[in-house]
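Colleague: Spelled out from the first residue to the last, the chains are:
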Amino acid sequence: MAAHSAVQKRKRNVSILGEVYAILVYAILYIPVVVMMIFSFNNQRYNYYWSGFTTQWYAKLFSNSTLIGSLWYSLIIAVLSTVISVLIGTLGALGLKRYEFRGKRFINNMLYVPIIVPEIVLAVALLIIFMRLGLSLGLGSILIGHCTFCIPYAVVTIRGRISGDGDSLEEASMDLGANRLQTFLRVTLPSIMPGVMSATFLSFTLSIDDVIMSNLLAGAKNSTLPVLILSMNKSGVTPDVNALTTLMILVIVAGMLLNSGIRALIKKRSSRAEAL
Amino acid sequence: MSESIVSLIDVEKRFGSNLVVRKMSLEIQRGEFLTLLGPSGCGKTTTLRMIAGFEDATSGIIKVQGEQVEDKEPYQRDVNTVFQNYSLFPHMTVYDNVAYGLTIKKVPKEEIRRRVTEMLALVQLAGYDKRKPDALSGGQKQRVAIARALINNPKVLLLDEPLGALDLKLRKQMQIELKRLQKKLGITFVYVTHDQEEALTMSDRIAVMNAGILEQVGTPMEIYQYPKTRFVAGFIGESNLFDGTVKAVEGNLIQVETSAGLLTTCGQGFQPGEEMHVSIRPEHLEISREPAEGFALPGKIKDFTYMGTMVKTALDMADGSELKFSRFEHDSRLREGDPVYVFWRPEKSVPIKKSAT
Ligand SMILES: Nc1ncnc2c1ncn2[C@@H]1O[C@H](COP(=O)(O)OP(=O)(O)OP(=O)(O)O)[C@@H](O)[C@H]1O
Ligand SMILES: [Mg+2]
Chain A
1 MAAHSAVQKR KRNVSILGEV YAILVYAILY IPVVVMMIFS FNNQRYNYYW SGFTTQWYAK
61 LFSNSTLIGS LWYSLIIAVL STVISVLIGT LGALGLKRYE FRGKRFINNM LYVPIIVPEI
121 VLAVALLIIF MRLGLSLGLG SILIGHCTFC IPYAVVTIRG RISGDGDSLE EASMDLGANR
181 LQTFLRVTLP SIMPGVMSAT FLSFTLSIDD VIMSNLLAGA KNSTLPVLIL SMNKSGVTPD
241 VNALTTLMIL VIVAGMLLNS GIRALIKKRS SRAEAL
Chain B
277 MSESIVSLID VEKRFGSNLV VRKMSLEIQR GEFLTLLGPS GCGKTTTLRM IAGFEDATSG
337 IIKVQGEQVE DKEPYQRDVN TVFQNYSLFP HMTVYDNVAY GLTIKKVPKE EIRRRVTEML
397 ALVQLAGYDK RKPDALSGGQ KQRVAIARAL INNPKVLLLD EPLGALDLKL RKQMQIELKR
457 LQKKLGITFV YVTHDQEEAL TMSDRIAVMN AGILEQVGTP MEIYQYPKTR FVAGFIGESN
517 LFDGTVKAVE GNLIQVETSA GLLTTCGQGF QPGEEMHVSI RPEHLEISRE PAEGFALPGK
577 IKDFTYMGTM VKTALDMADG SELKFSRFEH DSRLREGDPV YVFWRPEKSV PIKKSAT
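Protein sequences appear in the order of chains A and B.
Quick note on our numbering: the first sequence kicks off at 1 and runs consecutively.
Quick note on our numbering: the second sequence kicks off at 277 and runs consecutively.
Hints were generated in silico from the structure; no laboratory data involved.
The model shown is predicted, which means the values in this text are computed figures rather than measured ones.
Glycine included, each C-beta is placed from N, C-alpha and C at the ideal position.
Each hint should be verified, as a subset may be incorrect.
Straight-line C-alpha distance at most 25 Å; calculated SDA-like pairs for lysine to any residue [claimed, not checked]:
#, chain 1, residue 1, chain 2, residue 2
1, B, Lys406, A, Ala264
2, B, Lys408, A, Gly134
3, B, Lys339, A, Gly261
4, B, Lys406, A, Leu185
5, A, Lys268, B, Tyr404
6, B, Lys382, A, Ser168
7, B, Lys385, A, Phe184
8, B, Lys406, A, Lys60
9, B, Lys408, A, Lys60
10, A, Lys221, A, Gly134
11, A, Lys97, B, Lys406
12, B, Lys348, A, Lys60
13, B, Lys406, A, Pro190
14, A, Lys267, B, Met368
15, B, Lys406, A, Gly261
16, B, Lys381, A, Lys268
17, B, Lys408, A, Thr188
18, A, Lys60, A, Asn233
19, B, Lys408, A, Gly261
20, A, Lys97, B, Gln360
21, A, Lys97, B, Asn294
22, B, Lys348, A, Asn233
23, B, Lys348, A, Arg161
Heads up, incomplete: computed chain A residues facing chain B, CB under 8 Å, no partners named [said to hold, decoys possible]:
#, residue
24, Gly177
25, Asn179
26, Ser198
27, Pro226
Listed next, the stretches of chain B that the computed footprint assigns to chain A, with coverage defined by at least 3 CB atoms under 8 Å from CB atoms of chain A [to be verified]:
#, stretch
28, 344-353
29, 360-368
30, 373-381
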């Protein structure tokens, strides 16, 4: 009996330890974010101590055209490079999985090069090429830069979702009278949709988060948001940046909640359909 | 005149250096149930896929309803396929799976609803329309696959081992259902299986394939009773096969010298000195204590196996080969180890020409 309760005690201790550990991990992850959010309401210019509540930074934010401009710039680049990368990535993944052609293995291996090579190397290489070709730097060069690393990620993510028997599903579809386009839209695309979605989120995140390419290939005129914030670092980051990032986090959290809500709804509906 | 709905003329298929289908010529009649039968890897699926349009023939001509189809895409051919692995669309309900062909053809919604409901009733799946394929048993998936193909009123239905994944009982039941369905709808079925019993019970005609070669085409009875090649004799049903040389020909009777001894068979067109094969079914084999006329096939009883309705007896022959002998009742005078002589009525055995290959 005594031994039994000792074991139980130890078990309880272990589980308490585990909980403490988990809380610590989450604390370290989220405390900085929470602090930043709190300081976005700080009635004081420096992020060192609290001196009272204000919403002035949010007002400032919307009149700070540089900051808002760079946010738009980042968003446009992220959306465009995501669309391009996912389009090319989807077709590339299908081609690499479904078709046999010469040099397929080579292309498969080369796919990982942009993922493995340090980004700075890729960026410098691209910079040299653009210079050589006499292309001006700006939106276009950043887009190309982002696509060079987003496309391989997109291909790898989507390829993982293409099942081995997709082939026979497509054959079944064509057997039933659907041409290639109809087959792609009705059978192929739905079956790889989860992969396409992951690739979309991944590309978007990679692009909007990027500093190195965006910095090196930016040219003189516009900066993306991360590049702008980084450059503020010297003079100190102003609280309107806190306000901006707070808003961004809220948007992301809302998006995630919405997403899981939709998923739960779909699941509920299809399980109801199955019960019928 | 019976007309062909599918014709294969000298069709060959090569994968790299591998000749998978060789000089295959076959006429498939309208409304018949034709089975492609052969061991694994003999090219049955490849043949079917060439008819459906998923593989191009390396050479030769394929016609569907008298029209050459080489240049037609699978979706332009008036044939539908039931795939071995079902290939149901996992993201669609049973209803949408079955409706797929009609949806693609832009048939009005009301008509689709009516025909899908009809079709699901026909394959006894009424009420399953909202399920996803994941939530179906193997037999149900199979029936959805059949309904999905049949709803398009194809001229020809190609079925690739459609019952392969089902357990024996369900398979027997589905065999009967499929056969009934085919009769009722009058659609030509080209059915692939490696199960000879399935082929014998379901088919109007059987095309036996081996290693890419079409060995023989005929009704189940012809194939069973008069195998034309050594392979067919051995593959269909149980059979005892002898390889030997013609020793003498006397009218219909042919005496053949084999490694197991002398035997007699019955047939025409064989010359003394010619190599040939002889096939005899276990149920037609006879044994006695004394050698019979025209036979010198000494052996020994090896063992008995009781099969419920049948008793199978294995015989050890002089050359080390084993013969199978079966009867409905056990002859209690026979003992394991007894020396016996094997013979048969010559007309019960089948003489087979030695093939060129
Ligand atoms: N795409 C392909 N590339 C290369 N070889 C192939 C291909 N498809 C089939 N083969 C080969 O062709 C031969 C015949 O294959 P097929 O699938 O037609 O056989 P099968 O008679 O249907 O056999 P099973 O009863 O096992 O399904 C096999 O040796 C197979 O390895
Ligand atoms: Mg096969």
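Colleague: Next, verify each hint and record whether it holds.
Modeller: Hint by hint, here is what the structure shows:
1. For the given pair, Lys406 of chain B sits about 19 Å from Ala264 of chain A by alpha-carbon distance, which is consistent with the 25 Å threshold.
2. In summary, the hint linking Lys408 of chain B to Gly134 of chain A is not supported, as the alpha carbons are separated by about 57 Å, beyond the 25 Å threshold.
3. Between the alpha carbons of Lys339 of chain B and Gly261 of chain A the distance comes to roughly 54 Å, so the proposed pair goes past 25 Å and is violated.
4. Among the hinted pairs, Lys406 of chain B with Leu185 of chain A is consistent with the structure: their alpha-carbon atoms are about 22 Å apart, no more than 25 Å.
5. Restraint check: the Cα-Cα separation between Lys268 of chain A and Tyr404 of chain B comes to about 18 Å, which is no more than 25 Å; the hinted pair holds.
6. About 23 Å separates the Cα atoms of Lys382 of chain B and Ser168 of chain A, which keeps this hinted pair within 25 Å; it holds.
7. A hinted pair counts as satisfied when its Cα atoms are at most 25 Å apart, and Lys385 of chain B with Phe184 of chain A qualifies at roughly 22 Å.
8. Our distance criterion of 25 Å between C-alpha atoms is broken by Lys406 of chain B and Lys60 of chain A, whose separation comes to about 55 Å.
9. Our distance criterion of 25 Å between C-alpha atoms is broken by Lys408 of chain B and Lys60 of chain A, whose separation comes to about 54 Å.
10. Of the supplied pair hints, the one linking Lys221 of chain A and Gly134 of chain A holds, its CA atoms being roughly 17 Å apart against a limit of 25 Å.
11. Between Lys97 of chain A and Lys406 of chain B, the direct Cα distance comes to roughly 32 Å. Violation of the 25 Å bound is thereby established for this hinted pair.
12. Restraint check: the Cα-Cα separation between Lys348 of chain B and Lys60 of chain A comes to about 67 Å, which exceeds 25 Å; the hinted pair is violated.
13. Of the supplied pair hints, the one linking Lys406 of chain B and Pro190 of chain A holds, its CA atoms being roughly 18 Å apart against a limit of 25 Å.
14. For the hint pairing Lys267 of chain A with Met368 of chain B, the CA-to-CA distance comes to about 14 Å; that is within 25 Å, so the pair holds.
15. Proposed proximity of Lys406 of chain B and Gly261 of chain A is supported: the alpha carbons are some 23 Å apart, at most 25 Å.
16. At most 25 Å may separate the alpha-carbon atoms for a hinted pair to count; Lys381 of chain B and Lys268 of chain A exceed this at roughly 32 Å.
17. A threshold of 25 Å between alpha carbons decides the hint, and for Lys408 of chain B with Thr188 of chain A the separation of about 17 Å falls inside it, so the pair holds.
18. About 18 Å separates the Cα atoms of Lys60 of chain A and Asn233 of chain A, which keeps this hinted pair within 25 Å; it holds.
19. Simply put, Lys408 of chain B and Gly261 of chain A have alpha-carbon atoms about 22 Å apart, close enough for the 25 Å limit, and the pair holds.
20. Restraint check for Lys97 of chain A and Gln360 of chain B: satisfied, since their Cα atoms lie roughly 22 Å apart, inside the 25 Å limit.
21. Proposed proximity of Lys97 of chain A and Asn294 of chain B is supported: the alpha carbons are some 24 Å apart, at most 25 Å.
22. Using a Cα cut-off of 25 Å, the hinted pair Lys348 of chain B and Asn233 of chain A is violated, with the two alpha carbons roughly 66 Å apart.
23. Simply put, Lys348 of chain B and Arg161 of chain A have alpha-carbon atoms about 31 Å apart, too far for the 25 Å limit, and the pair is violated.
24. This hint holds: Gly177 of chain A has a C-beta 5 Å from the nearest C-beta of chain B, less than the 8 Å allowed.
25. For Asn179 of chain A, the interface hint holds, since its Cβ comes within 8 Å of a Cβ in chain B; the closest pair sits about 6 Å apart.
26. A distance limit of 8 Å between C-beta atoms decides the matter here; for Ser198 of chain A the minimum to chain B is near 17 Å, and the interface restraint is violated.
27. Hint status for Pro226 of chain A: violated, given a least beta-carbon distance of 38 Å to chain B, over 8 Å.
28. Counting residues of the stretch 344-353 of chain B whose CB lies closer than 8 Å to any CB of chain A gives 3, so the stated coverage by that chain holds, three being the minimum.
29. Restraint check on the stretch 360-368 of chain B versus chain A: 6 residues with Cβ-Cβ distances below 8 Å, three needed, restraint holds.
30. With 4 residues carrying a beta carbon less than 8 Å from a beta carbon of chain A, the stretch 373-381 of chain B meets the three-residue requirement, and the given coverage holds.
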